[in-house]
Amino acid sequence: MAPPVHERITARWSRVVQDAAVSHGTLVLLVAPDQLLEVARSLKAEFGFDLLLDVTAVDWPARNPRFDVVYHFYTTRDFVRVRVKTRVAAATPVVDSLISLYEAARYSERECHDMYGIEFRNNADLRPILLYEGFVGHPLRKDYPKHREQPLVPYRK
Amino acid sequence: MTPDHRAARGSGAFEYLTTKKDEFVGWARKFSLFPYPFVTACCAMEFMSVSSTLYDTDRFGAALPRFSPRQSDLLLVVGTVAHKQAPVLRRVYEQMCEPKWVIAFGVCATSGGFYQNYAALPGIDRIIPVDLYIPGCPPRPEMVIDGIMKLQDRIAGDRHPILTETF
Chain A
1 MAPPVHERIT
11 ARWSRVVQDA
21 AVSHGTLVLL
31 VAPDQLLEVA
41 RSLKAEFGFD
51 LLLDVTAVDW
61 PARNPRFDVV
71 YHFYTTRDFV
81 RVRVKTRVAA
91 ATPVVDSLIS
101 LYEAARYSER
111 ECHDMYGIEF
121 RNNADLRPIL
131 LYEGFVGHPL
141 RKDYPKHREQ
151 PLVPYRK
Chain B
1 MTPDHRAARG
11 SGAFEYLTTK
21 KDEFVGWARK
31 FSLFPYPFVT
41 ACCAMEFMSV
51 SSTLYDTDRF
61 GAALPRFSPR
71 QSDLLLVVGT
81 VAHKQAPVLR
91 RVYEQMCEPK
101 WVIAFGVCAT
111 SGGFYQNYAA
121 LPGIDRIIPV
131 DLYIPGCPPR
141 PEMVIDGIMK
151 LQDRIAGDRH
161 PILTETF
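Chains as they are written, first to last, in the numbering used here: chain A, 1 to 157; chain B, 1 to 167.
Where hints are given, some of them may not hold.
[Stated by the list, open to error] Per label pair, the in silico range of CB-to-CB distance:
(1) Phe114(B) <-> Asn64(A): 50 to 60 Å
(2) Arg66(B) <-> Glu46(A): 53 to 63 Å
(3) Gly136(B) <-> Ser100(A): 43 to 53 Å
(4) Gly136(B) <-> Pro145(A): 27 to 37 Å
(5) Val136(A) <-> Pro129(B): 26 to 36 Å
(6) Arg140(B) <-> Phe79(A): 37 to 47 Å
(7) Gly134(A) <-> Phe114(B): 49 to 59 Å
(8) Ser100(A) <-> Asp131(B): 51 to 61 Å
(9) Val70(A) <-> Phe114(B): 55 to 65 Å
(10) Ser32(B) <-> Lys146(A): 12 to 22 Å
(11) Ala21(A) <-> Arg70(B): 42 to 52 Å
(12) Lys146(A) <-> Arg140(B): 55 to 65 Å
(13) Arg159(B) <-> Lys146(A): 42 to 52 Å
(14) Glu46(A) <-> Gln95(B): 49 to 59 Å
[Unchecked claim] Straight line, CA to CA, 25 Å or less: simulated PhoX-like cross-link-like pairs of lysine-lysine:
(15) Lys157(A) <-> Lys84(B)
(16) Lys21(B) <-> Lys100(B)
(17) Lys21(B) <-> Lys146(A)
(18) Lys157(A) <-> Lys21(B)
(19) Lys84(B) <-> Lys20(B)
(20) Lys157(A) <-> Lys146(A)
(21) Lys142(A) <-> Lys150(B)
Just so you know, the hints here were simulated from the structure itself, not pulled from any lab data. C-beta atoms are modelled at their ideal positions from N, C-alpha and C, and glycine is treated no differently.
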């Protein structure tokens, strides 16, 4: 039994949502990158989604646009999760940052930038957070060689 | 070397003394291993098990963990070491005083285990010398105790230069 908030969200955003489905009890919305900030603002202000749980991405090497950027939101009012996806191309993997809405985005977006090379517009601090300075490439992209090592300490002979 | 020493060496007494000295120092050192647990991952659970009451590494004189590398002589690397952590491990090793030994505890410290990827160091022997490898994911306490005893045997049989190059 889907929570009533699902209905209200899909009704409210039917004009911009490209695809809406329920996966394992979570509402999944697909929106265009330029609509993302507006949808997120509405989720927070109108539907009470006060937690940004995670920002991650999915690499589809054969697809164009290549990346899904995936956001998970949670509301502590209704205890409901919503997943919002947006698609960006490999040439310009840029989406708007959510730090104007959620401070947590600061760090999740840094991690996503580390692992997939997604750029977040208006997030000024995209230094490596799990990786280290000098690391070349984005290890969770499918084209990153599985065995490539970038050691910080030179190996012994 | 003084003339007295030279005379003693000619008679064979010096060699006798050196051998006995190594035996004695080896015996002392093998029962006073002060481990520095460099614990990074799930092997820590097994390390707690092996060092606490039931398996009790105190029986081998390797009980009291020292959390300062200056005060320890056995570096126990317990768990996966990431490339980002490697400089820390290297520095801890360099801060330990001689004599020092290193045990790679578990398969991740030994070879990286199943973490063959961008993040994990494929074996700590890439950056520091290792005396003993204990495989297993995690190793059984019996394996760890066996490893410690093997290391003790090695220490007991080693040369232990403590005064000069020759003695």
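Hints, verified against the model:
1. Phe114(B) <-> Asn64(A): 50 to 60 Å: The hint (50 to 60 Å, Cβ to Cβ) is violated, given that Phe114(B) and Asn64(A) are roughly 34 Å apart.
2. Arg66(B) <-> Glu46(A): 53 to 63 Å: 58 Å, holds
3. Gly136(B) <-> Ser100(A): 43 to 53 Å: 50 Å, holds
4. Gly136(B) <-> Pro145(A): 27 to 37 Å: 29 Å, holds
5. Val136(A) <-> Pro129(B): 26 to 36 Å: For Pro129(B) against Val136(A), whose Cβ atoms are near 29 Å apart, the range 26 to 36 Å holds.
6. Arg140(B) <-> Phe79(A): 37 to 47 Å: Since Arg140(B) and Phe79(A) have Cβ atoms about 43 Å apart, the given range 37 to 47 Å holds.
7. Gly134(A) <-> Phe114(B): 49 to 59 Å: Since the Cβ atoms of Gly134(A) and Phe114(B) sit about 26 Å apart, the hinted range of 49 to 59 Å is violated.
8. Ser100(A) <-> Asp131(B): 51 to 61 Å: 55 Å, holds
9. Val70(A) <-> Phe114(B): 55 to 65 Å: Distance hint for Val70(A), Phe114(B) is violated at roughly 26 Å.
10. Ser32(B) <-> Lys146(A): 12 to 22 Å: Distance hint for Ser32(B), Lys146(A) is violated at roughly 44 Å.
11. Ala21(A) <-> Arg70(B): 42 to 52 Å: About 60 Å separates the Cβ atoms of Ala21(A) and Arg70(B), which means 42 to 52 Å is violated.
12. Lys146(A) <-> Arg140(B): 55 to 65 Å: Violated, since Lys146(A) and Arg140(B) (Cβ atoms, about 30 Å apart) do not stay within the stated range.
13. Arg159(B) <-> Lys146(A): 42 to 52 Å: 44 Å, holds
14. Glu46(A) <-> Gln95(B): 49 to 59 Å: With Cβ atoms ~57 Å apart, the hint holds.
15. Lys157(A) <-> Lys84(B): Within the cut-off at roughly 20 Å; holds.
16. Lys21(B) <-> Lys100(B): Holds, because 19 Å separates the two Cα atoms, which is no more than 25 Å.
17. Lys21(B) <-> Lys146(A): Measuring from Cα to Cα gives roughly 52 Å; hence the hint is violated.
18. Lys157(A) <-> Lys21(B): 34 Å, violated
19. Lys84(B) <-> Lys20(B): Violated: Lys84(B) and Lys20(B) sit about 45 Å apart, past 25 Å.
20. Lys157(A) <-> Lys146(A): Measuring from Cα to Cα gives roughly 23 Å; hence the hint holds.
21. Lys142(A) <-> Lys150(B): Violated, at roughly 44 Å.
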